[in-house]
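Engineer: So you can see what is in the structure, the chains are spelled out below.
Protein chains: 2
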Amino acid sequence: MEIYAVIMAGGVGSRFWPRSRAATPKQLLNIFGEESMIQNTVKRLNGLVDEKNVFVITNKIQRDKIIEQLPGVPADNIIAEPFGKNTAPCVALSAVIVNKMNPDGVILTLPADHLILDEMLFKETLSKAADFAYRNDSLVTIGITPTRPETGYGYIQMKEEEVEEGIHKVETFAEKPNYATAKRFVKSGDFFWNSGMFIWRSDAILNELEKHMPDLYNPILEVREAYGTDRFEDVLTNIYGQLKSISIDYGVMEKSNKVYLIKGDFNWNDVGSWEAVYQLSDRDENGNVKIGDVYTENTLGSYIKNDHKFTAVIGVENVVVIETDDALLIVNRNEAQNVKNVVDYLKMKNRKELI
Amino acid sequence: MEIYAVIMAGGVGSRFWPRSRAATPKQLLNIFGEESMIQNTVKRLNGLVDEKNVFVITNKIQRDKIIEQLPGVPADNIIAEPFGKNTAPCVALSAVIVNKMNPDGVILTLPADHLILDEMLFKETLSKAADFAYRNDSLVTIGITPTRPETGYGYIQMKEEEVEEGIHKVETFAEKPNYATAKRFVKSGDFFWNSGMFIWRSDAILNELEKHMPDLYNPILEVREAYGTDRFEDVLTNIYGQLKSISIDYGVMEKSNKVYLIKGDFNWNDVGSWEAVYQLSDRDENGNVKIGDVYTENTLGSYIKNDHKFTAVIGVENVVVIETDDALLIVNRNEAQNVKNVVDYLKMKNRKELI
Numbered sequence: 000m001e002i003y004a005v006i007m008a009g010g011v012g013s014r015f016w017p018r019s020r021a022a023t024p025k026q027l028l029n030i031f032g033e034e035s036m037i038q039n040t041v042k043r044l045n046g047l048v049d050e051k052n053v054f055v056i057t058n059k060i061q062r063d064k065i066i067e068q069l070p071g072v073p074a075d076n077i078i079a080e081p082f083g084k085n086t087a088p089c090v091a092l093s094a095v096i097v098n099k100m101n102p103d104g105v106i107l108t109l110p111a112d113h114l115i116l117d118e119m120l121f122k123e124t125l126s127k128a129a130d131f132a133y134r135n136d137s138l139v140t141i142g143i144t145p146t147r148p149e150t151g152y153g154y155i156q157m158k159e160e161e162v163e164e165g166i167h168k169v170e171t172f173a174e175k176p177n178y179a180t181a182k183r184f185v186k187s188g189d190f191f192w193n194s195g196m197f198i199w200r201s202d203a204i205l206n207e208l209e210k211h212m213p214d215l216y217n218p219i220l221e222v223r224e225a226y227g228t229d230r231f232e233d234v235l236t237n238i239y240g241q242l243k244s245i246s247i248d249y250g251v252m253e254k255s256n257k258v259y260l261i262k263g264d265f266n267w268n269d270v271g272s273w274e275a276v277y278q279l280s281d282r283d284e285n286g287n288v289k290i291g292d293v294y295t296e297n298t299l300g301s302y303i304k305n306d307h308k309f310t311a312v313i314g315v316e317n318v319v320v321i322e323t324d325d326a327l328l329i330v331n332r333n334e335a336q337n338v339k340n341v342v343d344y345l346k347m348k349n350r351k352e353l354i
Numbered sequence: 000m001e002i003y004a005v006i007m008a009g010g011v012g013s014r015f016w017p018r019s020r021a022a023t024p025k026q027l028l029n030i031f032g033e034e035s036m037i038q039n040t041v042k043r044l045n046g047l048v049d050e051k052n053v054f055v056i057t058n059k060i061q062r063d064k065i066i067e068q069l070p071g072v073p074a075d076n077i078i079a080e081p082f083g084k085n086t087a088p089c090v091a092l093s094a095v096i097v098n099k100m101n102p103d104g105v106i107l108t109l110p111a112d113h114l115i116l117d118e119m120l121f122k123e124t125l126s127k128a129a130d131f132a133y134r135n136d137s138l139v140t141i142g143i144t145p146t147r148p149e150t151g152y153g154y155i156q157m158k159e160e161e162v163e164e165g166i167h168k169v170e171t172f173a174e175k176p177n178y179a180t181a182k183r184f185v186k187s188g189d190f191f192w193n194s195g196m197f198i199w200r201s202d203a204i205l206n207e208l209e210k211h212m213p214d215l216y217n218p219i220l221e222v223r224e225a226y227g228t229d230r231f232e233d234v235l236t237n238i239y240g241q242l243k244s245i246s247i248d249y250g251v252m253e254k255s256n257k258v259y260l261i262k263g264d265f266n267w268n269d270v271g272s273w274e275a276v277y278q279l280s281d282r283d284e285n286g287n288v289k290i291g292d293v294y295t296e297n298t299l300g301s302y303i304k305n306d307h308k309f310t311a312v313i314g315v316e317n318v319v320v321i322e323t324d325d326a327l328l329i330v331n332r333n334e335a336q337n338v339k340n341v342v343d344y345l346k347m348k349n350r351k352e353l354i
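Sequence lines, in order, name chains A and B. Per numbering that gives the first Met the number 0, residue 0 is the first one in the first sequence, and the count goes up by one each step. Per numbering that gives the first Met the number 0, residue 0 is the first one in the second sequence, and the count goes up by one each step.
Rather than coming from a laboratory, the hints here were simulated on the basis of the structure. Note that beta-carbon positions come from the ideal geometry of N, C-alpha and C, so glycine has one too. A few of these clues could be false.
[Said to hold, decoys possible] So these bits of chain A aren't anywhere near chain B, every CB distance computed over 10 Å:
#1 K51
#2 E80
#3 N98
#4 I115
#5 Y239
#6 K243
#7 S244
#8 D281
#9 K308
#10 G314
#11 A326
#12 K351
[Stated by the list, open to error] List of simulated lysine to any residue pairs, SDA-like, C-alpha gap at most 20 Å:
#13 B:K346 <-> A:T295
#14 B:K351 <-> A:N297
#15 A:K346 <-> B:E296
#16 B:K339 <-> A:N297
#17 A:K348 <-> B:H307
#18 A:K339 <-> B:Y294
#19 A:K158 <-> A:K257
#20 A:K346 <-> B:Y294
#21 B:K346 <-> A:G291
#22 B:K351 <-> A:G314
#23 A:K348 <-> B:Y294
#24 B:K351 <-> A:H307
#25 A:K59 <-> A:P81
#26 A:K351 <-> B:H307
#27 B:K348 <-> A:N305
#28 B:K348 <-> A:E296
#29 B:K339 <-> A:E160
#30 A:K348 <-> B:K346
#31 B:K339 <-> A:G314
[What the hints assert, rightly or not] Some, not all, of what chain A presents toward chain B, calculated at C-beta under 7 Å:
#32 L327
#33 N331
#34 E352
#35 L353
Extracted from the complex, chain A is given alone in its bound form (with noise of 0.2 Å):
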């Protein structure tokens, strides 16, 4: 069994503006510690999956950063999408790639911004899954076992009947759920966060892409073909303007009957938002996390970050703060989800050098 690695870097990463931009979004920056949230996750591959094995989709802004952020993947595998298409695309394809290489290869496909602890853990989970995807026709997802009534996750019920150990069919997708439904799936035990991960062999995906999204489908085997000529590139930009933007969510997790959930019990956050950073960050005896030159007083519960000027902070609760070269953010964690907001804005005053 040969197994591929599929890293989505598509992502803009809004939430996390100042410090996000279009050219260098979250996957790309080192939100914890020294190395990028993408490093860490081909990193934490290691073992798993040969680094020649491991392929990126982003985009062409993105393509050259990560190039440079990746040595030990070859150059060919980080491939841009012309146009932003959603996840079914993506998925679609890595899997026609990884098919004409090796039809019985088996792929992950990973987003490239999301936090894990328990590494150990987490590469016997993928291991399992892929052993599991190799030997049957099926497409596994990561279920992650919540630890807490989250609202800002989808959520994936498993049937009961176990098939192998922590392996289950699903039974449904949920979206984000407000926080009585969440208390309920937490407390259920069958409800799981959905991961955006998944793990399936390269021919399983495209029949049911087949069965599904013939739409997509179709036009993808044009893409096969010309994948290492040199018309990969403008055959790719052809298809690619004619597909829908639609999520493999959507497209066929939600409608397949070959769906599984394999149960992962690491430590995973998607990142999504300052506030998650905060909660995942190690605090001062004020609940502060201060990152830079930063005097603070009577302040609690923050997280302020500059990157060369000094700052400081007196009687305030709960604030997120972020100085940039050419940007600072000041925002109260309750509302972290809005700083997107700032970059709509941005972009409808057509002030580029800041978006």
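Place chain B on chain A using the hints.
Structural biologist: Leaving out everything else, chain B in the frame of chain A:
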């Protein structure tokens, strides 16, 4: 009658950090409008005091900038104290200088960093005070009719009997009161805000200095002698080194029985903190003051000023945000007084570049 103005401009204004610095304290900043507070202070005297009769007592760090900001005032009139010794030595120095030029001269002693609206009324009050001081061997201070129970100002109680229209003898001086006391003061009708503005003949204040502060009076006579000669600077340094640091209020005003209060009914503010600046600024419908390239969302009652950097503020209330080239301040308006602690911290850390 010849009127002189002595503008006291020695303050370091650490409560306006990061805009105020040792070399550019509050009085040299254009906190309101286009011109600096000291420029407004001089301009406000137009028609009452000839610019050649304006003196500024400052320190060595600020002198050059003041000369630059006040091109109409003779550079020789802008005098640097060798050491900061509070207001009594400053008053004595100005008294001997004016006295040597014109023993009859009336001196208006004015802080450089106060905001005064109703300029006509202000000038009328000064004019009346100067006239009274010229005719009487007395020390006149302006008491501002209080409009609210302000706890940030000292108060002056007047005696009931009116000596001339709007002029009363002073009963007593009171420190900054607590809120209950301030309410009582305002209700009483005989307490006024201590503006720190004084009007007297040079010989009148010198007589009172001789009586109440001989340790200051005797040495300052040497400065009188040296003024206008080559020896002035050396003598000033030598004498100032020996002087005690003491306020004119404590040294003379609270002890002399020649002190009169003239009522000031003009709009006055000593602009003691960023909170005062907020209160004195025009606000938008959300109670915000935004100066510079600023985006706000769900933000109320805040003062946000940046010099260059685009600033986004989301979901906060009652904060002051000041961004300069090399520093950033975020402070709750209610704790605006504590900004000086940042300067103390920076001094302790010997970070001269930020002070």
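Engineer: Determine for every hint whether it applies to the structure shown.
Structural biologist: Hint check results:
1. K51: The claim holds: K51 of chain A sits with its nearest Cβ about 43 Å from chain B, beyond 10 Å.
2. E80: holds, 30 Å
3. N98: Answer for N98 of chain A: holds, closest chain B Cβ roughly 45 Å.
4. I115: For I115 of chain A, whose nearest Cβ neighbour in chain B is about 29 Å away, the distance exceeds 10 Å, so it holds.
5. Y239: holds, 33 Å
6. K243: Per Cβ check, K243 of chain A is outside 10 Å of chain B; nearest 33 Å; holds.
7. S244: holds, 28 Å
8. D281: holds, 22 Å
9. K308: violated, 5 Å
10. G314: The claim breaks: G314 of chain A does not keep its Cβ more than 10 Å from every Cβ of chain B (closest is about 3 Å).
11. A326: violated, 5 Å
12. K351: Given a closest Cβ separation of 12 Å, the condition holds.
13. B:K346 <-> A:T295: holds, 16 Å
14. B:K351 <-> A:N297: violated, 24 Å
15. A:K346 <-> B:E296: holds, 16 Å
16. B:K339 <-> A:N297: holds, 14 Å
17. A:K348 <-> B:H307: Satisfied, since the Cα-Cα distance of roughly 17 Å is no more than 20 Å.
18. A:K339 <-> B:Y294: holds, 13 Å
19. A:K158 <-> A:K257: holds, 13 Å
20. A:K346 <-> B:Y294: holds, 13 Å
21. B:K346 <-> A:G291: holds, 19 Å
22. B:K351 <-> A:G314: violated, 25 Å
23. A:K348 <-> B:Y294: holds, 11 Å
24. B:K351 <-> A:H307: holds, 16 Å
25. A:K59 <-> A:P81: Holds, at about 7 Å.
26. A:K351 <-> B:H307: holds, 16 Å
27. B:K348 <-> A:N305: holds, 19 Å
28. B:K348 <-> A:E296: holds, 16 Å
29. B:K339 <-> A:E160: violated, 66 Å
30. A:K348 <-> B:K346: violated, 42 Å
31. B:K339 <-> A:G314: Answer holds: K339 of chain B to G314 of chain A is near 14 Å, not above 20 Å.
32. L327: holds, 4 Å
33. N331: holds, 3 Å
34. E352: violated, 9 Å
35. L353: holds, 6 Å
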